[in-house]
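As given, the protein sequences belong to chains Y and H, one line each in that order.
For this note's numbering, count along the first sequence from 1 and bump the result up by 1.
For this note's numbering, count along the second sequence from 1 and bump the result up by 733.
Just so you know, not all the hints are guaranteed correct.
Stated by the list, open to error - Capping the alpha-carbon separation at 25 Å, the derived lysine-lysine pairs in DSS-like fashion look like this:
#1 H:Lys952 <-> H:Lys859
#2 H:Lys1023 <-> Y:Lys100
#3 H:Lys840 <-> Y:Lys60
#4 Y:Lys100 <-> H:Lys1025
#5 H:Lys765 <-> Y:Lys4
#6 H:Lys886 <-> H:Lys918
#7 H:Lys830 <-> H:Lys918
#8 H:Lys859 <-> H:Lys918
#9 Y:Lys60 <-> Y:Lys80
#10 H:Lys830 <-> H:Lys790
#11 H:Lys968 <-> Y:Lys22
#12 Y:Lys5 <-> H:Lys952
#13 H:Lys1023 <-> Y:Lys104
#14 H:Lys790 <-> Y:Lys4
#15 H:Lys886 <-> Y:Lys104
What the hints assert, rightly or not - With the Cβ distance kept under 10 Å, some of the chain H side facing chain Y (calculated, not the full set):
#16 Gly801
#17 Asn878
#18 Lys886
#19 Asn896
In case anyone wonders, no lab produced these hints; they're calculated from the structure.
Note that the Cβ used here is the ideal one computed from N, Cα and C, for glycine as well.
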Amino acid sequence: MKKKSIYFILLLVALFVFSCKYDFILPEEVPDNGGNPISFATQVAPIFSNGNKCTACHKPGATSPDLTTANAYMQILSKYVNTANPEASLILTMPGSNKHSWKGFTAGEASVILTWIKEGANNN
Amino acid sequence: MKNCITTVFFLLITTILFAQQEATDSSIVKQKDSPVSSVFESGILIDAQTTVIPDVKTLEFVIQHKFGSVENGHSDLWGIYAPGSNIRLGLNFVIRKNIQVGAGITKNRMMTDLSAKWTIFQQTQKNTIPVSVTVYGNIGIDGRNISAFESGKVRVAYTGPVNSFAFSDRLSYFSELIVSRKFTKWFSLQGGVSFTHYNSVEELYDHDKIGIHFNGRMKVSNQGSVVFNYDQPLKIKNISEQRVWTNPPKPNLALGYEISTFTHVFHIYIASTNSILPQENIMWNQNDWKNKGLAIGFTITRLWMF
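For reference, chain Y alone in the conformation it holds in the complex:
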């Protein structure tokens, strides 16, 4: 084997070894809403639609529930929101689970949705 090939592979190995890091991603801080109730229109619905996070699939004519801003509230209220046991609401437990592993909420997003449900899941 020619020396050039050896140097090429040593370079790749060096790149591998010397760019290693051992960082931990810190969880998102839970936003402080200053005692005001969480707004569905301005705080919850954008979680679904920003960057097409949920609405890439959950849109009219596609996968249920429709989470576009105009329809999200009516779509999730009956089946996906559980005000008696907010932590068990499907809108919280399904994303990121084994049955929906490709998308999930960050800790901050989940906290906003949970607080909104605890406050009565109002269409505000």
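Place chain H on chain Y using the hints.
Using the frame of chain Y, we list chain H on its own:
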């Protein structure tokens, strides 16, 4: 632990490199023994790397696709209509004899990957060398928006300083030593040991994972073969940073059928992982093949010789 692992890895690769140099020099005086043909039909078997590298100046285009899981049965046609599919498009090029470089893009985590593969020894017809030995490595770059990384801040180890999420935190690595043997015209088997590293993970997970891999092919006709992959992430306490195992990754079992021609290879299979890149599979797979975690997929490769 990091220093220990990197030192061992560096020494291993350096030893292999210079052992190969000596072996090449001494083999000049020996009688020539040519490599066996078609240990596998392609450099990829389902989603795993094999010891096969095409001829120099060959370009390979790879399409890998997995549908959603079969858990909902006929209601979404066993995952074919389900969301959660994954796809990778890749290009590989053989720059020197037995050295291949490649690049690809994958839907999950918007990953871009750069890879290199080197077949150090090839199994020979007269059995002078009884097995083929290959090293494969890749670097994955997570291309998602910064908002996907929780607070956008990272802590160096558990007690180090807090920094902003940097480009290097998007990187992950996979390296594998693969040994294969073509036992008969219709039966080939290979095994591998791998080391996976993610530069940044959430606090309940490990940065490093060692895995073992088994892959095989049994020809049933001139162009058709039954193929399998098995990937087992190991639970090694000594390299774990966690006191409690949180959602340890599950093994991947894949069974498929291969159809090959001179320039194409096609695999259709069912596998218990949604991941395509090997580091994603070893580090994050939560699909359980015993509990409806299987997904249908296919892989297509096309070669162009220049």
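Results of checking the hints against the structure:
At most 25 Å may separate the alpha-carbon atoms for a hinted pair to count; H:Lys952 and H:Lys859 meet this at roughly 22 Å. Taking the CA atoms of H:Lys1023 and Y:Lys100, the gap is near 15 Å; set against the 25 Å cutoff, the hint holds. Of the pairs offered as hints, the one joining H:Lys840 and Y:Lys60 holds, with about 20 Å between alpha carbons and a cut-off of 25 Å not exceeded. Restraint check for Y:Lys100 and H:Lys1025: satisfied, since their Cα atoms lie roughly 10 Å apart, inside the 25 Å limit.
For a cut-off of 25 Å, the pair hint linking H:Lys765 to Y:Lys4 stands: about 22 Å separates their Cα positions. Pair hint H:Lys886 plus H:Lys918 does not hold up; C-alpha atoms about 54 Å apart against a cutoff of 25 Å. For the hint pairing H:Lys830 with H:Lys918, the CA-to-CA distance comes to about 24 Å; that is within 25 Å, so the pair holds. Taking the CA atoms of H:Lys859 and H:Lys918, the gap is near 14 Å; set against the 25 Å cutoff, the hint holds.
Restraint check: the Cα-Cα separation between Y:Lys60 and Y:Lys80 comes to about 17 Å, which is no more than 25 Å; the hinted pair holds. About 9 Å separates the Cα atoms of H:Lys830 and H:Lys790, which keeps this hinted pair within 25 Å; it holds. Distance check on the hinted pair: H:Lys968 and Y:Lys22 sit about 21 Å apart at the alpha-carbon level, within 25 Å; holds. Among the hinted pairs, Y:Lys5 with H:Lys952 is inconsistent with the structure: their alpha-carbon atoms are about 38 Å apart, more than 25 Å.
Restraint check: the Cα-Cα separation between H:Lys1023 and Y:Lys104 comes to about 23 Å, which is no more than 25 Å; the hinted pair holds. The hinted pair formed by H:Lys790 and Y:Lys4 meets the criterion: a straight-line CA distance of about 20 Å does not exceed 25 Å. The hinted pair formed by H:Lys886 and Y:Lys104 meets the criterion: a straight-line CA distance of about 21 Å does not exceed 25 Å. Taken as an interface hint, H:Gly801 checks out: its beta carbon lies about 9 Å from the nearest beta carbon of chain Y, inside 10 Å.
Hint status for H:Asn878 relative to chain Y: holds, with the closest Cβ pair at about 6 Å, below 10 Å. A distance limit of 10 Å between C-beta atoms decides the matter here; for H:Lys886 the minimum to chain Y is near 5 Å, and the interface restraint holds. The beta carbon of H:Asn896 comes within 8 Å of a beta carbon in chain Y, closer than 10 Å, and the hint placing it at the interface holds.
In summary, the numbered hints that this structure violates are 6, 12.
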